[in-house]
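**Q** As a plain string of letters, each chain reads:
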Amino acid sequence: SAVISQKPSRDICQRGTSLTIQCQVDSQVTMMFWYRQQPGQSLTLIATANQGSEATYESGFVIDKFPISRPNLTFSTLTVSNMSPEDSSIYLCSVGPAMSTEAFFGQGTRLTVV
Amino acid sequence: GENVEQHPSTLSVQEGDSAVIKCTYSDSASNYFPWYKQELGKRPQLIIDIRSNVGEKKDQRIAVTLNKTAKHFSLHITETQPEDSAVYFCAASPGQNFVFGPGTRLSVLP
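So the protein sequences, as listed, match chains D and B. The opening position of the first sequence corresponds to residue 1 in this note's numbering, with each subsequent residue numbered one higher. The opening position of the second sequence corresponds to residue 1 in this note's numbering, with each subsequent residue numbered one higher.
So that you can see chain D by itself, here it is in the shape it has in the complex (with noise of 0.2 Å):
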């Protein structure tokens, strides 16, 4: 199993503004997964985030909003740019050990913009 910290748990910006959120885990993963949990809403795959390789969006996500960094195999930030009240949903990593196997989440960051 992994053990994921996620933070900020929670945070209310300003609209026009960026934020960071910060996804550590306790063991080194091949391979980070964001994603967007708009309420009331199913997962979506934001990226995949590969240590030394750029991140891979899915489509309806572009780099320029969704900037994310990995420097190692333990950590992962996803910045939400230029954020808008639709930017407002909780955000979620994950990681899963291999391919075919469980998927665990961070505790998720609950984005409000106003």
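If you are wondering where the hints come from, they were derived from the structure by calculation, not from laboratory data. If you're wondering where the values come from, they're calculated on a predicted model, not measured in any experiment. One should not assume that every hint holds.
Unchecked claim - Sample of chain D residues with no beta-carbon within 10 Å of chain B, all distances over it, derived:
{"id": "1", "residue": "13"}
{"id": "2", "residue": "20"}
{"id": "3", "residue": "26"}
{"id": "4", "residue": "33"}
{"id": "5", "residue": "42"}
{"id": "6", "residue": "44"}
{"id": "7", "residue": "54"}
{"id": "8", "residue": "61"}
{"id": "9", "residue": "81"}
{"id": "10", "residue": "87"}
{"id": "11", "residue": "102"}
{"id": "12", "residue": "106"}
{"id": "13", "residue": "112"}
{"id": "14", "residue": "113"}
Said to hold, decoys possible - Just some of the chain D residues that point at chain B, by a computed CB distance under 8 Å:
{"id": "15", "residue": "43"}
{"id": "16", "residue": "48"}
{"id": "17", "residue": "62"}
Here a beta-carbon is modelled for each residue, glycine too, at the ideal position from N, C-alpha and C.
Mind docking chain B on chain D? Use the hints.
**A** Coordinates of chain B only, in the frame set by chain D:
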């Protein structure tokens, strides 16, 4: 890409009754199918999973069945309890990530 549908979107059952949630997927390459439970304000937690080489798996009151030919899998909860009330997500994994279904809000009425 993979697309996962899930039904029903909401489900209410009496305590002690059974609950069944069904999912379908589109990508025949998917080979791993987890089910996650998410309580209000908390992170998703795995409750059971099944791989494509298995047709059924059971863990106490929870079971999952998989029909690869029809591309559907189901979650069965027996003897439901109030603490089973939550949102349940199915997912399919065609490779290195997961595609989640839209979720089912289960309410167990005492």
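**Q** Each hint needs a verdict: does it hold in this structure or not?
**A** Hint-by-hint comparison with the structure:
At roughly 19 Å from the closest C-beta of chain B, the C-beta of residue 13 (chain D) stays outside 10 Å, upholding its exclusion from the interface. For residue 20 (chain D), the non-interface assignment is confirmed: its Cβ lies about 20 Å from the closest Cβ of chain B, beyond the 10 Å cut-off. Annotated as non-interface, residue 26 (chain D) keeps its C-beta farther than 10 Å from every C-beta of chain B; the closest such distance is 15 Å. For residue 33 (chain D), the shortest C-beta to C-beta distance to chain B comes to about 6 Å, within the 10 Å cut-off, and the non-interface label is violated.
A beta-carbon of chain B is positioned within 10 Å of the beta-carbon of residue 42 (chain D); the least distance is around 5 Å. Consistency note on residue 44 (chain D): stated as away from chain B, yet its beta-carbon is not over 10 Å from all of that chain's, at 8 Å minimum. Residue 54 (chain D), annotated as away from the interface, keeps every beta carbon of chain B farther than 10 Å; the closest lies near 15 Å. For residue 61 (chain D), the requirement that its beta carbon stay farther than 10 Å from each beta carbon of chain B is met, with the minimum near 13 Å.
Under the 10 Å C-beta cut-off, the non-interface status given to residue 81 (chain D) relative to chain B holds; the minimum distance is some 23 Å. For residue 87 (chain D), the shortest C-beta to C-beta distance to chain B comes to about 19 Å, beyond the 10 Å cut-off, and the non-interface label holds. With a cut of 10 Å on Cβ distances, residue 102 (chain D) falls inside the contact zone with chain B, its closest approach being about 5 Å. With a least beta-carbon separation of about 7 Å from chain B, residue 106 (chain D) fails to lie farther than 10 Å from that chain, contradicting its non-interface assignment.
Under the 10 Å C-beta cut-off, the non-interface status given to residue 112 (chain D) relative to chain B holds; the minimum distance is some 14 Å. Look at residue 113 (chain D): its CB is around 19 Å from the nearest CB on chain B, clear of 10 Å, so calling it non-interface holds up. The beta carbon of residue 43 (chain D) comes within 5 Å of a beta carbon in chain B, closer than 8 Å, and the hint placing it at the interface holds. A hinted interface residue such as residue 48 (chain D) counts as satisfied when its beta carbon comes closer than 8 Å to some beta carbon of chain B; here the least separation is about 6 Å, so the hint holds.
With 8 Å as the threshold, the beta carbon of residue 62 (chain D) stays out of range of chain B, its nearest partner Cβ sitting at about 18 Å, so the hint is violated.
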